[in-house]
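Q: Same order as they appear, the protein sequences are chains A and B. Under numbering that gives the first Met the number 0, the first residue of the first sequence is numbered 0, with each subsequent residue one higher. Under numbering that gives the first Met the number 0, the first residue of the second sequence is numbered 0, with each subsequent residue one higher.
None of these hints come from the bench; they were simulated from the model. Do not rely on the hints blindly, as some may be mistaken.
What the hints assert, rightly or not - Okay, derived cross-link-like pairs now, PhoX-like style, lysine-lysine, Cα gap no bigger than 25 angstroms in a straight line:
(1) A/Lys178 <-> B/Lys221
(2) B/Lys166 <-> B/Lys144
(3) B/Lys253 <-> B/Lys224
(4) B/Lys202 <-> A/Lys178
(5) B/Lys212 <-> B/Lys166
(6) B/Lys202 <-> B/Lys224
(7) A/Lys178 <-> B/Lys166
(8) A/Lys48 <-> A/Lys80
(9) A/Lys48 <-> A/Lys81
Stated by the list, open to error - Anything over 10 angstroms on all C-beta distances counts as not near chain B; from chain A, calculated:
(10) Ala89
(11) Phe115
(12) Pro119
(13) Asn120
(14) Leu132
(15) Gly182
(16) Gln185
(17) Ala191
(18) Ser203
(19) Val238
(20) Gly259
The beta-carbon is built from N, C-alpha and C at its ideal position, and this holds for glycine as well.
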Amino acid sequence: MTSKPLGLLTIGNVVNASIRLYSSNFGRYFRLSIFAHLWLLVPIYGWAKYCTEVALISRLCFGELTGQPESNTEARTQVNKKFWTFLLLAIAIGIRLFLVYLGFNILVLAIFFAAFTIFPNAGIVLGIVIGLLFFGIFIAMIIIAVGLISRWFVAELPLAVETGFDTNRSMNRSWQLTKSSVGRIQGIVLVAFLVTLPIQSVTSVVPRFALIALDPGSSIYWVVYAISLIFSLGGGAIVMPFWQAVKAVIYFDLRNRREGLDLQLRDQVADSADRG
Amino acid sequence: MRFFNRVTLSTPESVELEFTLAGIGNRAYALMIDYLIWGAILIAVLFTWGILSTQIPEDIISEISPWIFAITLLIIFFIYVGYFVFFETIWQGQTPGKRFVKVRVIQDSGKPIGIQQATLRALLRPIDDTLFIGVLLIVFNGKEKRLGDLLAGTIVVQEERNITKDKFVISDQAQAVASQLLEESNIAALLPDDFAVIREYLKRRREMEPIAKLELSRKLGKQLKDLINLEQMPLQVGSDLFLEAVYLAYQQQKSLN
């Protein structure tokens, strides 16, 4: 635990705290992350395992933040109770985002057909108007999708650290906590992304460039391709715990803001254990 | 675990100053804002320069076109360096981005930076940006110095929060309850840490969820009642009002002593 409470965090300090959280536990989180990524190669069961291990890392991070660190085994017993739920949560969020995407596409098609049935001989003016309209719809879709992702950004945390939560309650909780913090969350994600650029550039961009330079049919191409695949998996394994730390810090900070989680008088450390 | 790097500086008058270092998060955030503003300025200037250079007559232009190219490069360079030097000098270590994010460049000694330090930092910035050398240095050295900071002898720190901004409203009824508490309870039993928790609660309560806020204030109120040996809660006093009263009573008890 910190000697001094963290207080409410600014955008930059959320990223700072996440980096410190990860670098202080680097070996432990990275090892979990590598094995989690290997599970991705096994269909369905492996994906559920991956989602659970990802949630496990965020639970470990949250434990550090509240001053109740857990061992891997302790934390795993807890998250394994909801083994399939984490995959279901990812699917539930994915389906909702896909529906938004689908809805916008249907809207675009409807406008397109409506416009050309009503004005069959329309000229360039109508074309421009429709083009602008589609551009506006596209921007609106991006804004809505990013907004939704921000509102569900910490949805796996309640599931991972609190008891008695299912996917719906977890999503609702994330929705409520992030109510007035959408802009802050987007700022945090942007800065966190900038900070990971040095790693991303080595693990994903450089191998891509190497591939462009090579002839797609040659055997060396496939060797480099395999290497680049390993690199980007490795890059994912390095970066993933950092994002889990970011989520845990955001969740912790939101609960401090909205519920005063960190406001505790002395001698109350003992009973805080069951608040998790 | 310490979540933020801190440094302690002692001034020549042997006063110890403690600072929290800015960290890569705040610095990346500030730089992103600066580059956006800087980019906008650059585009505006280059646009103007482009229009101006078309006014040069045709017959001269073929002779001096390398010069125009050179001048353009110089303009870019001066805006790049000038932006940071200008703002860090006139705003004592802050650029628009740093001001927004609330971080500041200071000398290793704690003094404000001058034009020399600002220039050294700005001249080394392109090297720090290449291959993310600066980012790696900031993350992996204890004082978070990039090359420019190492050479100029500077550090980047977070500005201490403005205390006057932390004001909050206390209801009118609180004073009466506070006087009662001063008589009937042992407010002196509270520690500064307890007081800090109450102040923090009063500061944050407006942003809290109603149900969570009620639960928390009730819990804190109950604990405080025991801590100050209060026989029974004053009648008709909600937990929020009670906390306000404890806050006032503690302050008044302090100023009496």
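Q: A separate judgement is required for each hint: does it hold in the structure or not?
A: A quick look at each hint next to the structure:
1. With a C-alpha separation of about 30 angstroms, the suggested pair A/Lys178 and B/Lys221 falls outside the 25 angstroms cut-off, and the hint is violated.
2. Restraint check: the Cα-Cα separation between B/Lys166 and B/Lys144 comes to about 35 angstroms, which exceeds 25 angstroms; the hinted pair is violated.
3. Our distance criterion of 25 angstroms between C-alpha atoms is met by B/Lys253 and B/Lys224, whose separation comes to about 19 angstroms.
4. Restraint check for B/Lys202 and A/Lys178: the C-alpha separation of about 19 angstroms stays at or below 25 angstroms, so the hint holds.
5. For the proposed pair B/Lys212 and B/Lys166, the alpha carbon gap of about 19 angstroms is at most 25 angstroms, so the pair holds.
6. Between B/Lys202 and B/Lys224, the direct Cα distance comes to roughly 21 angstroms. Compliance with the 25 angstroms bound is thereby established for this hinted pair.
7. Among the hinted pairs, A/Lys178 with B/Lys166 is consistent with the structure: their alpha-carbon atoms are about 24 angstroms apart, no more than 25 angstroms.
8. Distance hint between A/Lys48 and A/Lys80 is fulfilled; the C-alpha atoms sit about 12 angstroms from each other, no more than 25 angstroms.
9. Of the supplied pair hints, the one linking A/Lys48 and A/Lys81 holds, its CA atoms being roughly 11 angstroms apart against a limit of 25 angstroms.
10. Non-interface call for A/Ala89 relative to chain B: holds, since the shortest CB-CB distance, roughly 26 angstroms, exceeds 10 angstroms.
11. Its beta-carbon lying about 39 angstroms from the closest one in chain B, A/Phe115 satisfies the requirement of being farther than 10 angstroms from that chain.
12. With a least CB separation of 43 angstroms from chain B, A/Pro119 remains clear of the 10 angstroms interface cut-off, as annotated.
13. Against chain B, the non-interface label of A/Asn120 holds: every CB pair exceeds 10 angstroms, the least being about 41 angstroms.
14. Listed as outside the interface, A/Leu132 is consistent with that label: its C-beta sits roughly 29 angstroms from the nearest C-beta of chain B, beyond the 10 angstroms cut-off.
15. Under the 10 angstroms C-beta cut-off, the non-interface status given to A/Gly182 relative to chain B holds; the minimum distance is some 13 angstroms.
16. The non-interface label for A/Gln185 is consistent with chain B: the shortest C-beta to C-beta separation is roughly 12 angstroms, beyond 10 angstroms.
17. Its closest Cβ contact with chain B, about 8 angstroms, brings A/Ala191 to no more than 10 angstroms, contrary to its assignment away from the interface.
18. With a least CB separation of 14 angstroms from chain B, A/Ser203 remains clear of the 10 angstroms interface cut-off, as annotated.
19. Distance check on A/Val238: its Cβ is at least 14 angstroms (rounded) from any Cβ of chain B, clearing the 10 angstroms threshold; non-interface status holds.
20. The Cβ of A/Gly259 does not lie farther than 10 angstroms from every Cβ of chain B; its closest approach is about 5 angstroms, which violates its non-interface assignment.
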